[in-house]
Structures are given as C-alpha cells and as structure tokens.
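Chains as they are written, first to last, in the numbering used here: chain A, 1 to 116; chain B, 117 to 230.
Careful, some of the hints might be misleading.
[Claimed, not checked] Cross-link-like lysine-lysine pairs, in silico, DSS-like; alpha carbons within 30 angstroms at most:
1) Lys129/B / Lys73/A
2) Lys129/B / Lys103/A
3) Lys96/A / Lys173/B
4) Lys173/B / Lys70/A
Derived by calculation from the structure, the hints in this document are not laboratory data.
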Amino acid sequence: AQTVTQSQPEMSVQEAETVTLSCTYDTSENNYYLFWYKQPPSRQMILVIRQEAYKQQNATENRFSVNFQKAAKSFSLKISDSQLGDTAMYFCAFMKPDGGAQKLVFGQGTRLTINP
Amino acid sequence: KAGVTQTPRYLIKTRGQQVTLSCSPISGHRSVSWYQQTPGQGLQFLFEYFSETQRNKGNFPGRFSGRQFSNSRSEMNVSTLELGDSALYLCASSARGRGDTEAFFGQGTRLTVV
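Sequences and hints are given; from them, build the entire structure.
Have a look at this one:
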C-alpha cells in the first residue's frame with residue numbers, strides 16, 4: 001500500500017516570501033501521479049499542481065513549482081512570492097494509474113499561514 | 117460550467133440513525149469518488165463509482181455504502197451512525213479517461229453525530 005507523509009504540520013511565513021512544503025511517499029509502483037491540493041477555509045479542495053512520475057521535468061504553475069526526486073520519493077512544493085490568499089491547508093497526494101481510477105492517497109496536510 | 121455540488125452542506129444526526137449524502141458531478145464526468153476527512157485520520161478514500169458500478173473501495177465497514185445513478189449523480193449512505201462517523205465528507209468527480217487525472221472536489225457535507 002502507498003503512504004504519503006507530510007512532516008510539517010504547520011508553517012508560517014511573511015507575505016512575499018518563498019516557502020517550501022515537504023512531502024515524501026512510499027510506493028513500489030514505477031508509474032504514478034503526484035499532486036498538491038489546497039484546502040482554504042471554504043473547505044473546497046483545489047488542485048494546485050500535478051506531476052507525472054515518468055516525466056523528469058519538474059511541474060510549474062505560475063508561482064507554484066515542485067521539486068520531484070523520484071529515487072528519493074520526495075515531492076516538495078515551492079510557493080514563490082507568497083500571497084495572503086495562499087493561506088490554507090496543503091495536502092500532498094498520490095495516485096497510481098488504474099484505468100483512470102480516481103483513488104487518491106493523501107498526506108496529513110500542512111497548515112500554511114501567510115502573514116501580512 | 118457548474119462545479120461539483122454536494123448536499124446538504126451540514127447535517128446533525130443521532131447515534132444509530134442513518135444518513136444519505138448526495139453528490140452531483142460536473143456535467144460529462146462519469147467518475148465519482150468519496151472521501152472522509154477527520155482531524156485524527158485525515159483524508160481517507162471511501163469508494164469510487166463509474167458508470168453506476170463501484171470500481172474501488174476503501175477500508176471502511178459495510179455501514180458505508182453508495183450508489184451511482186444513470187445521470188452520474190451519486191449518493192452515499194451511512195447506517196447505524198456512530199460518534200466516530202462525524203466528519204467532513206468530500207465528493208470528487210473526474211472524467212476518468214486515459215490521461216485525465218484531475219479530480220474536482222465539492223465543498224463537502226459536514227456530518228455531526230450526537
């Protein structure tokens with residue numbers, strides 16, 4: 001079974017700073033997908049960024065980028081120029097391809113606070 | 117287009133009762149997955165339905181069940197409620213096609229069992 005670990009329960013930075021959230025995972029699969037989801041106080045989970053394991057290039061979405069280290073089974077999220085609206089719970093998630101089946105395995109989450 | 121809609125948003129039930137939660141996926145999406153979110157256990161996968169068939173099931177007791185209708189709307193039922201069933205229940209929909217991996221989540225149903 002796959003497991004996802006987020007070792008930072010809470011983080012706090014000042015607006016405009018850069019912050020990195022850590023995630024490690026355990027799997028015997030060679031092909032899989034990794035995600036970072038954001039859950040603001042509204043509770044709705046929003047996809048931040050996605051990485052396919054067979055792609056060596058790290059995914060980037062505007063101010064969000066990942067550092068994917070497949071051998072180390074590490075998948076960290078970097079938020080540049082942080083904004084107040086980035087305050088939320090962030091979840092790292094794993095999914096193995098299974099005919100397109102949607103079964104996400106989530107980490108415990110990191111509560112990120114951006115201070116003005 | 118409209119997002120994933122979950123109803124009701126809040127629910128209070130008594131131990132021993134049963135409850136039904138509803139999820140309407142994004143138009144055109146045929147896969148609906150359910151997750152339970154609690155402070156202690158985090159986010160856990162309950163089950164997934166695709167084309168009215170349960171395709172995946174998480175490690176939950178048989179009191180948790182679901183179904184999917186021909187219009188892809190899904191319901192989740194919990195019977196004989198226990199205090200530990202108090203949680204945020206999230207529904208996610210996806211197109212479930214080859215290469216389509218994005219799950220879109222609803223805002224959840226907050227269930228409180230007293």
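Now for the hints, and whether the structure bears them out:
Taken as a hint, the Lys129/B and Lys73/A pair is broken in the structure, with Cα atoms around 42 angstroms apart against an allowance of 30 angstroms. Restraint check for Lys129/B and Lys103/A: satisfied, since their Cα atoms lie roughly 28 angstroms apart, inside the 30 angstroms limit. Between Lys96/A and Lys173/B, the direct Cα distance comes to roughly 15 angstroms. Compliance with the 30 angstroms bound is thereby established for this hinted pair. At most 30 angstroms may separate the alpha-carbon atoms for a hinted pair to count; Lys173/B and Lys70/A meet this at roughly 28 angstroms.
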